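**Student:** What follows is the residue order along each chain.
Number of protein chains: 2
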Amino acid sequence: MPTSTQNSPEAVPADAGASAAFENTAPAFSPLYQQIKTLILRSLQAGEWKPGDMIPSEFDLAARFRVSQGTVRKAIDALATDNLLVRRQGKGTFVATHAEQHIQYRFLRLLPDTGSLEEQGPAERRIVECRRLRAPAEVARQLGLRTGDAVLQVKRVLAFSGAPAILEELWLPGGPFKGLTIEALSDDKGPMYALFETQFGVRMVRAVEKIKAVSADEDTAALLGVAPGYPLLSVERLAFTYNDEPMELRRGFYRTDARHYRNELS
Amino acid sequence: MPTSTQNSPEAVPADAGASAAFENTAPAFSPLYQQIKTLILRSLQAGEWKPGDMIPSEFDLAARFRVSQGTVRKAIDALATDNLLVRRQGKGTFVATHAEQHIQYRFLRLLPDTGSLEEQGPAERRIVECRRLRAPAEVARQLGLRTGDAVLQVKRVLAFSGAPAILEELWLPGGPFKGLTIEALSDDKGPMYALFETQFGVRMVRAVEKIKAVSADEDTAALLGVAPGYPLLSVERLAFTYNDEPMELRRGFYRTDARHYRNELS
DNA sequence: CAGTGGTCTAGACCACGAG
DNA sequence: TCGTGGTCTAGACCACTGG
Numbered sequence: 001m002p003t004s005t006q007n008s009p010e011a012v013p014a015d016a017g018a019s020a021a022f023e024n025t026a027p028a029f030s031p032l033y034q035q036i037k038t039l040i041l042r043s044l045q046a047g048e049w050k051p052g053d054m055i056p057s058e059f060d061l062a063a064r065f066r067v068s069q070g071t072v073r074k075a076i077d078a079l080a081t082d083n084l085l086v087r088r089q090g091k092g093t094f095v096a097t098h099a100e101q102h103i104q105y106r107f108l109r110l111l112p113d114t115g116s117l118e119e120q121g122p123a124e125r126r127i128v129e130c131r132r133l134r135a136p137a138e139v140a141r142q143l144g145l146r147t148g149d150a151v152l153q154v155k156r157v158l159a160f161s162g163a164p165a166i167l168e169e170l171w172l173p174g175g176p177f178k179g180l181t182i183e184a185l186s187d188d189k190g191p192m193y194a195l196f197e198t199q200f201g202v203r204m205v206r207a208v209e210k211i212k213a214v215s216a217d218e219d220t221a222a223l224l225g226v227a228p229g230y231p232l233l234s235v236e237r238l239a240f241t242y243n244d245e246p247m248e249l250r251r252g253f254y255r256t257d258a259r260h261y262r263n264e265l266s
Numbered sequence: 001m002p003t004s005t006q007n008s009p010e011a012v013p014a015d016a017g018a019s020a021a022f023e024n025t026a027p028a029f030s031p032l033y034q035q036i037k038t039l040i041l042r043s044l045q046a047g048e049w050k051p052g053d054m055i056p057s058e059f060d061l062a063a064r065f066r067v068s069q070g071t072v073r074k075a076i077d078a079l080a081t082d083n084l085l086v087r088r089q090g091k092g093t094f095v096a097t098h099a100e101q102h103i104q105y106r107f108l109r110l111l112p113d114t115g116s117l118e119e120q121g122p123a124e125r126r127i128v129e130c131r132r133l134r135a136p137a138e139v140a141r142q143l144g145l146r147t148g149d150a151v152l153q154v155k156r157v158l159a160f161s162g163a164p165a166i167l168e169e170l171w172l173p174g175g176p177f178k179g180l181t182i183e184a185l186s187d188d189k190g191p192m193y194a195l196f197e198t199q200f201g202v203r204m205v206r207a208v209e210k211i212k213a214v215s216a217d218e219d220t221a222a223l224l225g226v227a228p229g230y231p232l233l234s235v236e237r238l239a240f241t242y243n244d245e246p247m248e249l250r251r252g253f254y255r256t257d258a259r260h261y262r263n264e265l266s
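Top to bottom, those sequences are chains A and B. Taking full-length UniProt numbering, the leading residue of the first sequence gets 1, the next gets one more, and so forth. Taking full-length UniProt numbering, the leading residue of the second sequence gets 1, the next gets one more, and so forth.
Hints listed in this document are in silico derivations from the structure and should not be mistaken for laboratory results. Note that this is a predicted model, so its numbers are computed, not measured. Fair warning: there could be bad hints in the mix.
Just so you know, same-sequence chains aren't split out, so a pair can sit in one copy or run between any two.
[Claimed, not checked] Straight line, CA to CA, 30 Å or less: simulated BS3-like cross-link-like pairs of lysine-lysine:
{"#": "1", "residue 1": "Lys91", "residue 2": "Lys189"}
{"#": "2", "residue 1": "Lys91", "residue 2": "Lys74"}
{"#": "3", "residue 1": "Lys155", "residue 2": "Lys74"}
{"#": "4", "residue 1": "Lys189", "residue 2": "Lys210"}
Sequences and hints are given; from them, build the entire structure.
**Tutor:** In structure tokens, the structure reads:
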């Protein structure tokens, strides 16, 4: 039945026997592997497998979805290029995670002008502020909330070898991040996104950044150790979980005297 | 024989009969589809098929390389995700091109803050300068030339609806671009990379950008219609042809008052 | 050694585009 | 109607990892 030509989207049963009613009007054709991809995605969202876990083998999934191994493979391939899964030959396929993934700061594109990331050493983090407040209109709009909904605001400075490099301000929806405290943030080692995963079950999947050049205002200048008016990179990031649900709005000011934002185009 | 397990890299004959000496030491294993990908890439570099051309069908290539259609397919898939080929169902597979590709400015990430690209209208281009000179050390280094080698320098301003937005300065290696004149550049409609393709057979394949925030100096400020000291995005782009050969160094200053540099992370 | 992902094949059939 | 790319299958074998 999966062999059927009349594939209506989402017609593949996850587990049960075979009997998907034929749609006589099937304008939207969706390939099987796409449907399988969606089903796997659902399991990921539902938390059936947690970040870092190994998912069932291709053959197991093929049996479960009643399709061939090759079809499951195409679905997993797609999820792997989306960075949701990671394949490891000889071991298995794993749910991607921000933790234990040696590349710290997966979304940070700021690199030292000279020298490597390693010799730069780890970032020193200082939380400047962390409070609960009602979402301003613009923040609410971008996070898909209503104006006045509860949000968390976090402000912090990142420094390398004692030299401040980034000042950033985050807004997080109050619901999913209920219970996040300044202590948890301060005590934490490792990427913030890793903490979001382990403590709140929120996994960031992709993000969009809008970059501008701005002049430092007085407060920002003071925190970054530059003169007011100093040119800074303004990086506004909206990060999404599964299903393109916005989960974090972040506005960063980057010093770019000894560092640059690197981007690859193709 | 392509079925052989003892695949030594590059061992697949393009056309001739079968007789690849078995390497008894074969530490580097390269899958067949990778080798096919390399062979297709060579044909692209050699100009066997020009930008915009349709390449032979998957079955034809499979016959030519003595492998199955599925293997050719994987090779083409890889080249397509690298943006070197474009598949069009029902028509064929084509060599990617910067021309006739409705997205003008494939590498330009500057978008209007409000409204769409369409309502912004086409960019107005004004060549400020175009001259031949000896490469400064830094330019030579990045382009893989020797200091003092001939390079072309072009300086131009891009404006939208009469408002200047970008000032950029380009360096091109003198050899491949012999004969490029200010007239050709000024007369040209369409993306500069399209002109490079059609007139010089140089196709840009990927690029790396380094972005910083800077203050406008007097000259730059005047050309962009802002006050000196105004914060600008400095975008340094190194663009590559096939084989990761650097072919263009470009330094742009972007006004970001009504526009932003957009980047997608995943 | 067994179990996992990775490669390759051969063949069937579908969707799309153009004559 | 034909030729192209797109999907799906079934099965064989290889490469890597770990017990």
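**Student:** Each of the hints needs a verdict: does it hold here or not?
**Tutor:** Hints and how they fare:
no.: 1; hint: Lys91 x Lys189; result: within (28 Å within a copy, 54 Å between copies)
no.: 2; hint: Lys91 x Lys74; result: both (18 Å within a copy, 23 Å between copies)
no.: 3; hint: Lys155 x Lys74; result: neither (42 Å within a copy, 47 Å between copies)
no.: 4; hint: Lys189 x Lys210; result: both (28 Å within a copy, 29 Å between copies)
Comparing the model with each numbered hint stated earlier shows that hint 3 is the single one that does not hold.
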